[in-house]
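Participant: One letter stands for each residue in the lines below.
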Amino acid sequence: MTLLELEDVTASYGPVQVLDGVSLSVPDNGAFGILGANGAGKTTTLRAISGAVRTSGRIVFDGKDISGLRPDQVAALGIAHVPEGRGSFGDLTVRENLRVGAYLRKDRKGIDEDIDYCLDLFPNLQDRIRSNASALSGGEQQMLAVARAIMSKPRMLLLDEASLGLAPSTAKNVYDAIRRLRDESGIAMVVVEQNANLAFTVVDSATVLETGRSVLTGTSAELKGMDEIRRAYLGG
Amino acid sequence: MEKFVQLVVDGLSTGSVYAALALAIVLVHSATGLVNFAQGGMAVLAAYVAWVLTNQGVPLILAILASIIFSFLLGAVLERFLMRRFERGDPDTAVVVTIGLLTLITGIAGWLWGYNNQQFPSLFPLDTVSVLGVSVSIRSLGTTLVIVVAMVAMQALFAGTKLGLALRAVAINPQSAGYSGLPVERLLMVGWGLAAVLGAVAGALVAPQLTLTPGMLDSALVYALAAVILGGLTSPVGVVVAAWLIGVLENLAAVYVGFIGFDLKVAVPFILIFVVLIVRPQGLFGRKTVVRV
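One line per chain: the protein sequences are A and B, in this order. Numbering of the first sequence is given in this note's numbering, commencing with residue 2 and proceeding in unit increments. Numbering of the second sequence is given in this note's numbering, commencing with residue 3 and proceeding in unit increments.
Same shape as in the complex, but just chain A (with noise of 0.2 angstroms):
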């Protein structure tokens, strides 16, 4: 089943267009990847999802049609946004970020239960739970960042280059998250990536983005074993 469709999605900033059709269809489960260089507008491509850009085009979440609409309003849908360079509030506890996260529900006992969730995915935030989020690593961020996305409870999770600045063993760390994340709780994801062997660690399949364009669909399997992806992505 398709939850998100976008068709034929353009955006652009000011005289530059940076989307010029991008067309993709992500399943209701599993996650679901949009690789690309830099500048091929992987991550206008979420921002036109969340309403954070002015589009044209059709995007269509779980049978409705949602571009126009404030982030917020896309949000309250059940689409969890978690930015390039994470958001945190930096001046907000780790557990201050949390409920924020949580600011459209009510359930205060599920709340409570998902935070502790949270840091179970995320035991290095445990010890954190008091501080200031900026005075947390960069990892430990990007594990906030998840954290609080989470927290909305959402059907739908964008995460928009999660390893972008990271050590290696801590990106690696962040996916391992993400991947027992995808096989907990059934919430589907749309996984931005530049380092396309991390993203491949955790997505089905996957779209390739090349100057604001769908150039390219298919599963994993499929584009691991294409030379040019080869080549161009995977490093060899």
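Honestly, the hints are just simulated from the structure, not real lab data. If you're wondering where the values come from, they're calculated on a predicted model, not measured in any experiment. Certain hints may be false.
Said to hold, decoys possible - Covered by chain B, according to a simulated footprint, are these stretches of chain A (three or more residues, beta-carbon under 8 angstroms):
hint : stretch
1    : 74-82
2    : 91-97
3    : 100-113
To be verified - Below, a list of computed lysine-lysine pairs in the DSSO-like style, where the Cα atoms sit at most 30 angstroms apart:
hint : chain 1 : residue 1 : chain 2 : residue 2
4    : A       : K154      : A       : K110
5    : A       : K107      : A       : K154
6    : A       : K107      : B       : K164
7    : A       : K154      : B       : K164
8    : A       : K173      : A       : K225
9    : A       : K107      : A       : K65
10   : B       : K5        : B       : K267
11   : A       : K154      : A       : K173
12   : A       : K110      : B       : K164
What the hints assert, rightly or not - Have a look at the derived ranges for each label pair, beta carbon to beta carbon:
hint : chain 1 : residue 1 : chain 2 : residue 2 : range
13   : B       : L114      : A       : I130      : 52 to 60 angstroms
14   : A       : A77       : B       : P93       : 27 to 35 angstroms
15   : A       : R109      : B       : V79       : 29 to 37 angstroms
16   : A       : N198      : B       : V97       : 41 to 49 angstroms
17   : A       : D128      : B       : I280      : 30 to 38 angstroms
18   : B       : I280      : A       : T94       : 23 to 31 angstroms
Here a beta-carbon is modelled for each residue, glycine too, at the ideal position from N, C-alpha and C.
Given chain A, work out where chain B should sit, using these hints.
Facilitator: Below, chain B alone, put in the same frame as chain A:
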């Protein structure tokens, strides 16, 4: 001794007025990340609204309540139609816009009601009561009490409520806040509205003492900013304590330190700031911000 206590009590009372404005500045800063220099001007406008209503025969307390509602709407409208255009841009530009707004509001008040001093009725009786053998005006006590209540309410709002948490989150990172489902634009309007309400309270408290003019709160704004720096931009309790400290110290210095006198007492808070900021750059009560890169 009696003189000393009297000076302290008077200082607390004037300090409370600085505190009210300082609290409003902290509120806007906590909710939008900006320092609003127009806060004093907006408060004066609220006081004029109350004054016009009392002249029409509306009971004072109702007139003040109406001016508070007016202020909430004024704050929300200013945010929605003016400040929003600058919030996503350079913060320096936005701050300069608030300075322009202060000039504009002062001009509008002068144009509508003139620059003459107007009598504003006092919310509290002018009697005095004896405290520890010193006669203290009920007005001073009442002003101080109202500020304590406002401070406690604000501390509770930001530390203990979902709305307060949401306001802070929006100020820190509006984009992430939106992604988390917070209605960013509405929360910014609420933040400005609430700050304007605090300003209106300050205006109503101080107008009887200073008499109402368009520039009534100009010097109070300077002291309020001093209190904000001294107390720390993030701490409602901190700025109130700092404002009281400033009010009391300037009174004492004017009387007891010969060369300062009443002409130089305005320098007192700034000497204090200078000393405190060398020792504690985050202010007396402010949180130290650590940023990792």
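Participant: Against this structure, judge whether each hint is valid.
Facilitator: Hints, verified against the model:
no.	hint	verdict
1	74-82	holds (count 4)
2	91-97	holds (count 4)
3	100-113	holds (count 5)
4	A/K154 with A/K110	holds, 13 angstroms
5	A/K107 with A/K154	holds, 12 angstroms
6	A/K107 with B/K164	holds, 11 angstroms
7	A/K154 with B/K164	holds, 18 angstroms
8	A/K173 with A/K225	holds, 19 angstroms
9	A/K107 with A/K65	holds, 24 angstroms
10	B/K5 with B/K267	holds, 18 angstroms
11	A/K154 with A/K173	holds, 24 angstroms
12	A/K110 with B/K164	holds, 15 angstroms
13	B/L114 with A/I130: 52 to 60 angstroms	holds, 53 angstroms
14	A/A77 with B/P93: 27 to 35 angstroms	holds, 29 angstroms
15	A/R109 with B/V79: 29 to 37 angstroms	holds, 35 angstroms
16	A/N198 with B/V97: 41 to 49 angstroms	holds, 46 angstroms
17	A/D128 with B/I280: 30 to 38 angstroms	holds, 34 angstroms
18	B/I280 with A/T94: 23 to 31 angstroms	holds, 29 angstroms
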